[in-house]
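Asks: Residues per chain, in single letters:
There are 2 protein chains.
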Amino acid sequence: MDLTERLAGRPMTNPRADRVKDVAGLAGRSARSRRGLFLAEGPQNAREALARHLEAPCVDAVYVTAEALARHPDVAVLLEQVLADRSVFVRLVSREVLAAMSDAVTPQGVVVVCRLLDVPAEQVLATRPRLLAVLVRVQDPGNAGTVLRAADAAGADAVVLTAGSVDVYNPKAVRSTAGSLFHLPVVQGADLPGLIDGARAAGCGVLAADGRGDADLDRLQDASAARAAGLPAAGYDLARPTVWLFGNEAQGLSAPEKALADHRVAVPVHGRAESLNVGTAATVCLYASARAQRRAPASGAGR
Amino acid sequence: MDLTERLAGRPMTNPRADRVKDVAGLAGRSARSRRGLFLAEGPQNAREALARHLEAPCVDAVYVTAEALARHPDVAVLLEQVLADRSVFVRLVSREVLAAMSDAVTPQGVVVVCRLLDVPAEQVLATRPRLLAVLVRVQDPGNAGTVLRAADAAGADAVVLTAGSVDVYNPKAVRSTAGSLFHLPVVQGADLPGLIDGARAAGCGVLAADGRGDADLDRLQDASAARAAGLPAAGYDLARPTVWLFGNEAQGLSAPEKALADHRVAVPVHGRAESLNVGTAATVCLYASARAQRRAPASGAGR
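Top line first, the protein sequences correspond to chains L and P.
Numbers 6 to 308, taken from this note's numbering, label the letters of the first sequence in order.
Numbers 6 to 308, taken from this note's numbering, label the letters of the second sequence in order.
To be clear, the hints were calculated from the coordinates, so they are not data collected in a lab.
There's no promise every hint is true.
What the hints assert, rightly or not - Simulated DEER-style distance windows between Cβ atoms: (1) P78(L) / R40(P): 45 to 51 Å; (2) R40(P) / R76(L): 38 to 44 Å; (3) G199(P) / A239(L): 46 to 52 Å.
Unchecked claim - Here's a subset of chain P near chain L, in silico, CB distances under 10 Å, partners left out: (4) A155; (5) R277; (6) A278.
Remember, predicted model here, so these are calculated numbers, not experimental data.
Just so it is clear, CB atoms sit at the ideal spot from N, CA and C, and this is done for glycine as well.
Turn these sequences into a full structure, and let the hints steer you where they fit.
Replies: In structure tokens form, the structure reads like this:
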């Protein structure tokens with residue numbers, strides 16, 4: 006008996022059912038924090054949520070349409086494995102029910118209800134991280150999600166959002182992460198000075214991305230390549246464990262926030278753009294650190 | 006007499022006026038192409054549109070609230086200069102009128118109606134460009150705008166969108182460019198094989214960003230640094246004039262599209278992310294080329 010048949014016994018078809026309203030309500034921050042749950046929508050997030058659940062339980066419920074199950078066999082395979090787990094509520098739903106649960110303009114056939122995943126800053130610092138991305142009062146959910154996805158790709162050990170930042174469990178932020186929320190630890194509501202003290206104690210240097218910074222990212226990267234080649238080089242060593250600070254999209258980092266960093270680092274702007282999108286700046290900075298850290302043990306800039 | 010007073014003589018306060026509907030209609034692609042006009046919203050876009058207009062006329066009309074004029078003195082200064090130009094229609098409008106004209110959820114007090122800016126591919130190729138970003142069937146307006154802004158920051162000579170891509174004049178795309186649309190030439194509706202033939206004839210190499218690519222961007226960058234240091238290095242020279250191809254966000258580049266490139270280049274993914282957002286990939290690739298091209302004449306990897 007295949008998965009669709011096993012689930013077909015009790016499909017949900019009433020978009021006005023209390024359970025549907027409960028799920029839809031998780032689009033709001035207060036319901037999320039009260040209930041300790043959030044929504045992960047779409048096949049990519051569902052796949053990553055289910056894969057993580059099989060390692061460390063995090064999924065509360067899964068609602069999926071028959072069409073989506075047929076279209077995403079990888080999700081169906083994971084669901085088969087999860088179904089044995091009685092603590093996860095899995096239901097086939099009609100498209101109307103899915104649309105009523107989803108926050109997306111174009112629902113993608115599957116909604117996973119997950120338990121909040123964020124961890125305390127102390128837990129991240131105890132692992133002696135090599136690369137941390139800190140979002141300082143970033144407001145736009147799409148930006149936060151994009152930075153989280155870029156941090157995952159760059160191999161960052163965790164992402165931290167300071168107090169006053171957008172909620173990373175905002176449905177739009179979750180969609181923008183494309184599943185990366187399930188890949189690396191996230192800290193929310195961090196106090197920036199306390200976090201930086203803890204990171205320094207854990208051996209990290211602190212860099213602030215700042216368009217008007219005193220250090221130039223290209224020079225830091227060249228110095229890192231030189232060092233890896235055994236040549237002398239001055240300045241901050243990008244191969245060090247590093248915390249990167251990225252500021253609010255409109256105002257950037259405040260003067261006191263910048264002052265907390267060892268260096269304020271400018272990403273070069275070669276054209277006429279006045280500034281970089283926070284996602285773009287974070288991508289360039291995190292990839293620069295990742296490159297330096299991964300090159301450090303090797304030798305020769307030409308490798 | 007200050008600008009607000011000069012404009013106050015004839016404020017627009019009726020959100021149902023025909024002119025208001027005409028402006029709002031430019032949120033739609035067919036009205037834009039029929040009338041040859043598009044909307045640039047918000048102070049950042051307004052500033053860049055007006056600055057460009059003073060060099061090469063492109064602004065048809067400006068609608069601004071008194072609050073926005075007071076809050077953005079840089080826009081007011083540019084408007085003063087543009088007011089002498091009788092071909093630009095400038096009006097103070099009420100907040101209701103501005104909201105009715107704007108496509109944005111949170112209108113930012115100023116809407117500029119501009120003439121379409123895109124140029125033929127031949128015009129771009131005739132300048133023998135060193136760095137071109139080509140969006141191949143990219144669908145999301147926010148992604149297209151973000152890549153355009155990143156291409157501007159990386160100093161690209163132009164951005165090309167192939168046939169089947171989102172319209173770069175989509176209001177959301179324009180907002181995401183943060184003014185970069187007024188900084189560098191944009192080509193729309195390009196035929197990819199024809200564009201690549203033309204680019205090769207103009208001396209460019211062609212690289213396709215491809216998660217499963219045969220070339221690794223880190224290695225290309227290291228080879229470039231080695232070459233600049235006078236060391237031998239094999240493979241594609243990133244310092245060459247280069248066209249980068251970036252694919253559709255869901256499907257990437259098709260096999261025939263990839264086959265058009267000299268190399269398929271993978272951006273390293275160090276963490277567990279399965280893929281990169283197109284904006285993230287474009288940022289890393291374009292910055293890598295910019296770095297190599299700008300380093301080429303210098304010597305020494307440690308500089």
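Asks: Please go over all the hints and tell whether each is borne out by the structure.
Replies: How the hints compare with the structure:
Roughly 47 Å separates the CB atoms of P78(L) and R40(P), a value that falls within the hinted 45 to 51 Å. The hinted range of 38 to 44 Å is satisfied by R40(P) and R76(L), whose Cβ atoms lie roughly 40 Å apart. G199(P) and A239(L) have their C-beta atoms about 49 Å apart, which keeps the hinted 46 to 52 Å range intact. A cut of 10 Å between beta carbons decides the hint on A155(P): the least distance to chain L is about 5 Å, and the hint holds.
The criterion of a C-beta within 10 Å of any C-beta in chain L is met by R277(P), whose closest approach is roughly 4 Å, and the hint holds. For A278(P), the interface hint holds, since its Cβ comes within 10 Å of a Cβ in chain L; the closest pair sits about 4 Å apart.
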